[in-house]
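Asker: Based on the hints, put chains B and C in the right spot on chain A.
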Amino acid sequence: MSRPTRVVSARLLWVAAFLVLVLLVVPWTIEAAGRTDLYYTLTSVALLSIASAGVWLTFYIGRINIGQGAYALAGGYTSAILVTQHGVSFWLTLPAAGLACAALSVLIGLPILRLRGVYFAMITLVLTEVARLTALALPITRGAKGIVSIPLPGEVALFGVTIIPDFAGLANVKLGFYYLAAILMILCFAGLWRLVNSRLGRLCRSLQQNEELASSIGVNIAYLRIVIYAISSFLGGIGGAVFVAISQSIYPSSFQVKDSIDFMLNCFLGGLGYVFGPMLGTLILYFGWDLLFETGRFQLLIYASLIIALILLLPNGLLSIRLPRHRRGGT
Amino acid sequence: MNRRSVLASLVLPLVASLAIGAGAQAANPKLKIGFVGVTSGPAAAWGISNVRSMQARAVWLNEIGGVKIGGKTYDIEIVTFDDQKDPKRAIAGMEKMAQEGIRYVVGPNVDDGAAAVRPVAEQNGIIYFPYAFPKALYSPPASNAVLGMVASYQSGPAIYKHLKENKGVKTIAFISANESDPLSQRADGIAAAKALGLKIVSDSVTYQVDTTDFTPVITPVIRTNPDLLVLSGVAPANAPQIIRSARELGFKGLISTETAQDATVLMEGAGKLADGFISVGGASTPEIASDAMKEFVARYTKMFGEYNDESNTKVYALEYIIETLKANPAAIDDVKAFKKTMDTFSAPNPYMKGDAKLKYVGSSSFGQRRQIAVPLVVNEFRGGKFETLFVAEVD
Amino acid sequence: MEQVLANGVYLGAQYALIALGLTLIFALMNVLNFAHGQLYVLGGFVTYTIYGQLGLPYVVALLASAVSLAIVGAALQGFLFGPVIRRSQREESTMLLAAGIAFLLDAVILLLFGEKQRGVPKIVDGVLNWDFRVIMPYDRILICALAIAFVAAFILYMQYSRTGRALRALAQDRIAAELMGVDVSRYSMIGFALGAMLAGIVGGLLVTITGVNLGMGGPTSIKAFLMVMIGGAGVISGAIAGGFILGMMESIGLSVLSQYGDVTYLVIFASLMVFLAIRPQGLMGKPWG
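If you read the protein sequences in the order shown, they are chains A, B and C.
Just so you know, our numbering puts 177 at position 177 of the first sequence, and the rest follows in order with no gaps.
Just so you know, our numbering puts 85 at position 85 of the second sequence, and the rest follows in order with no gaps.
Just so you know, our numbering puts 16 at position 16 of the third sequence, and the rest follows in order with no gaps.
Honestly, the hints are just simulated from the structure, not real lab data.
Idealized CB from N, CA, C, for every residue including glycine.
Accuracy of the hints is not assured; some may be wrong.
Examples of chain C residues lying across from chain A (beta carbon under 8 Å, computed) [said to hold, decoys possible]:
#1 GLU92
#2 LEU96
#3 LEU97
#4 LEU111
#5 LEU112
#6 GLY114
#7 LEU142
#8 ILE222
#9 TYR265
#10 LEU276
With the C-beta cut set under 8 Å, the calculated list includes, among others, these residues of chain C facing chain B [what the hints assert, rightly or not]:
#11 GLN3
#12 GLN53
#13 LEU80
#14 GLY82
#15 LYS122
#16 ARG133
#17 ILE135
#18 LEU206
#19 PRO219
#20 MET249
#21 GLU250
#22 SER255
#23 GLN259
Result set (EDC-like, lysine to aspartate or glutamate): computed pairs, CA atoms no more than 20 Å apart in a straight line [claimed, not checked]:
#24 B/LYS252 to C/GLU178
#25 B/LYS252 to C/ASP173
#26 B/LYS30 to A/GLU155
One chain only, chain A, in its complex shape (with noise of 0.2 Å):
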């Protein structure tokens, strides 16, 4: 075999691997270990890493994005009131809320996208707060008083078979929201792969290095930068509204500054460098604290000293673990 074949070869096994690992051993083994509090969790961590996945593709362009919570709370808010006020079906307004934010993001990112390095990261950390405090100010979020008693998904059927059963009337809810939130996930990263190894992806590299330079030879940066924050908040506005259908309830409080630090944390714990760092980043950060249940009063205290610990081995991200190996094989 040539060897472009073989590594393309090679990828597909991964990514098959990787699929039977994520939709057929991850529940196959929680049923057998009797584990189902575990759904959850990794139901958590998919759609966290969705939204991490949008934080981490501003990275891209060499922004530091900590406002994704911003935006994970204006998507939960637009499919909690367009499936309480207007009955419309949860399955539609998953992508309304991805678009919505979109939207607003290209409102807002026109002016703010201007700033670089610390300048911009604390502009959207201070957007994570504008919209806590939008959300307790407008009448319809019903402010302070949250949004409650949400229904869960219905059915979604075509020509009377159903492709998607009612969620209210499964055996087991949390099977059906693991495996939307994984297959989200999946094509979540399957399109960010497929954008940094395209021709968009080689000008958002360039543009991560050097705008000036970028700009002088042609590349529209001004249009590429909307664009990429535009898909980066709608990563974070599919991933805010599926959490508000878990919940079934959303308050201003639901995606705070918290949140939005730890979606960027996630980033760079997984490494910058590499399309799934937010992905296994999201899984360490997060699971880590549920994994340090059992240690009681001193959980913070180990979970901040691992953490630390980690960045000590690692400053480059838990991915670059892989470099020196890499290295070996492509010489």
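Answerer: This is chains B and C only, laid out in the frame that chain A set:
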């Protein structure tokens, strides 16, 4: 490669043991009661006073030989989950409780968390005792949540009425943090004041919970010179600062809140300026505390080094769970039986002098009995201690 | 109006001192120190322990806060930030480290000092009442004066001392400073210690007025970021200006907007966003920090 294997050998066994290991089972049967709430971060005080009151009571009960339910003696074990005041984590916590086979959970401490765990609790058959006030949680069709304290819309009217009749209060002002829980409580307070015919002179001033200087926040309120200033849903950390700022600006009227406070915190933060501050408490003031309450406070203090007066109101949920289980042993793993017993349950209140009863109430607020009857004890702070102003009942 | 201005000056003085430490660390190492608020809380608890619990004189407690936080700061730079910055490909990785340290300090503070709000006895009694136009307790006036004095002392130190000159050189151009013979790792450590010390001093000052609790850390960091952004990241005069501007905005905003309901902070934050979008480098910052 080297660093990688070192890391793997360090991390893998740890993860494996934490993920799989359920821990060794003790010989005595254990009755696990859960807690899902916030015990770290900015709001840690709410959850910690909660958890500690449960732990102190559990150790005490186990020391005197455990609890006898239906001919079997159990040791009480408290399983705690820190949700970091994040509703998404609270759901994970409730799932964890279901996984541990726990049927009765105390918490969460805030509105958004309590609303978020509702689907999980109902799917898994868990009864939970939130410290959150939204009526939707307790009114049909919801049926698995039991309000663990006196709600602001119950204590507010009682306090305002008392002050109107005894202290001649005519005008009232509200101030609250711009967060869900305090804002909802402010809305309840405003409604109650209107119903009593009090004149509301200021009801729109809010502050960020992280405010370090309340003088600018409170200046516009003080200008309206109300007879009574209500700190809606005030966190114990903020109360002394607001009181101090108000008094230093020359405010002479009364100050009250509908949440529980801690005497030491008030004394350290505001000193003499906090004298006359009215808050809701449990049953630890000397006039009404029983010997059991005094012993509870002593044990708590010994166990954790310092008592927290907020715990007075939080000691009851565990007591209710255990006493209801005693009354109907079938409820130990069947929440339907528990719900049935709730309608008729009655037992003596061990923490209060006299013949007060533990029973489930809430019919008038929620249309069903989904609230524990905690004596509504209204305290006045004086000279570093709480004194009982009056005691009322919630129906 | 006088009252509103007085409130603003008091807030501004304490904010400026908080922002100074943060901006110093940022200028020297390009580290956005998420743990700055936690350092401030730690300083508050040190003063609480020594002045409030042990009953030693307030000056001793304030000094202990400054010294102990300087040691903590130097240790953070020496053992954590230094090694990570050296080995990291992208300097943003230090943000994760800073967040980890913030978690760690939160946990340590909770275990050592408990979950309750803490306060200390007043250092001065009495209230200044100027004809009901300005009402200001004496302890606030004293703390405000001390804060301004510390700000002035810091500026003088940075301007005229040998260490201050080296630090400024480092902040301006790291490589040039190194070539000119400035011991970068030593001065990085001194700079970090100085920044942490400022946080400790604010903690020690403010514990006498507002008290201290473990939850104040995170929000304080974020507020400090805001001030730094208003003035311009990494610029000392900018941090001071940012602190006073935010203090004034809060004081005036609260008195003007309070009648319109719950939107005060929404307006403050939204107008900050607009300001930064129009003038990204803040008032006095260098563009693109």
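Asker: Each of the hints needs a verdict: does it hold here or not?
Answerer: Hints versus structure:
Checking C/GLU92 against chain A: minimum C-beta separation of about 6 Å stays under 8 Å; hint holds. Restraint check, C/LEU96 versus chain A: the minimum CB separation of about 4 Å is within 8 Å; hint holds. The beta carbon of C/LEU97 is positioned within 8 Å of a beta carbon in chain A (closest approach about 5 Å), and the interface hint is therefore held. Taking 8 Å as the C-beta contact cut-off toward chain A, the hint placing C/LEU111 at the interface holds, the least distance being around 7 Å.
At its closest, the beta carbon of C/LEU112 sits 11 Å from a beta carbon of chain A; the interface hint therefore is violated under the 8 Å criterion. This hint is violated: C/GLY114 has a C-beta 11 Å from the nearest C-beta of chain A, more than the 8 Å allowed. Restraint check, C/LEU142 versus chain A: the minimum CB separation of about 32 Å is more than 8 Å; hint violated. For C/ILE222, the shortest C-beta to C-beta distance to chain A is roughly 6 Å, which falls under 8 Å, so the interface hint holds.
The closest approach between the C-beta of C/TYR265 and any C-beta of chain A is roughly 6 Å, which is under the 8 Å cut-off, so the hint is satisfied. With its C-beta approaching chain A no nearer than about 5 Å, C/LEU276 sits inside the 8 Å limit, and its interface hint holds. Residue-level restraint check for C/GLN3 holds (minimum Cβ-Cβ distance to chain B is 6 Å; threshold 8 Å). At a threshold of 8 Å, the smallest CB-CB gap from C/GLN53 to chain B is about 10 Å, leaving the interface hint violated.
A least Cβ separation of about 18 Å between C/LEU80 and chain B goes past the 8 Å threshold, and the interface hint is therefore violated. Below 8 Å, beta-carbon pairs count as interface contacts, and C/GLY82 has none with chain B, the closest being about 19 Å; its hint is therefore violated. The beta carbon of C/LYS122 is positioned within 8 Å of a beta carbon in chain B (closest approach about 7 Å), and the interface hint is therefore held. For C/ARG133, the interface hint is violated, the least distance from its beta-carbon to any beta-carbon of chain B being 12 Å, above 8 Å.
Because the smallest distance between the Cβ of C/ILE135 and any Cβ of chain B comes to about 5 Å, under 8 Å, the interface hint for this residue holds. Interface restraint check: C/LEU206 against chain B, minimum CB-CB distance 6 Å, threshold 8 Å, status holds. Because the beta carbon of C/PRO219 sits about 3 Å from the nearest beta carbon in chain B, less than 8 Å, this interface hint is met. The beta carbon of C/MET249 comes no nearer than 10 Å to any beta carbon in chain B, farther than 8 Å, and the hint placing it at the interface is violated.
Restraint check, C/GLU250 versus chain B: the minimum CB separation of about 6 Å is within 8 Å; hint holds. The beta carbon of C/SER255 is positioned within 8 Å of a beta carbon in chain B (closest approach about 5 Å), and the interface hint is therefore held. For C/GLN259, the interface hint holds, the least distance from its beta-carbon to any beta-carbon of chain B being 7 Å, beneath 8 Å. Distance hint between B/LYS252 and C/GLU178 is unfulfilled; the C-alpha atoms sit about 62 Å from each other, more than 20 Å.
Restraint check for B/LYS252 and C/ASP173: not satisfied, since their Cα atoms lie roughly 57 Å apart, outside the 20 Å limit. In summary, the hint linking B/LYS30 to A/GLU155 is not supported, as the alpha carbons are separated by about 42 Å, beyond the 20 Å threshold.
Going down the numbered hints, you'll see the structure goes against 5, 6, 7, 12, 13, 14, 16, 20, 24, 25 and 26, while the others check out.
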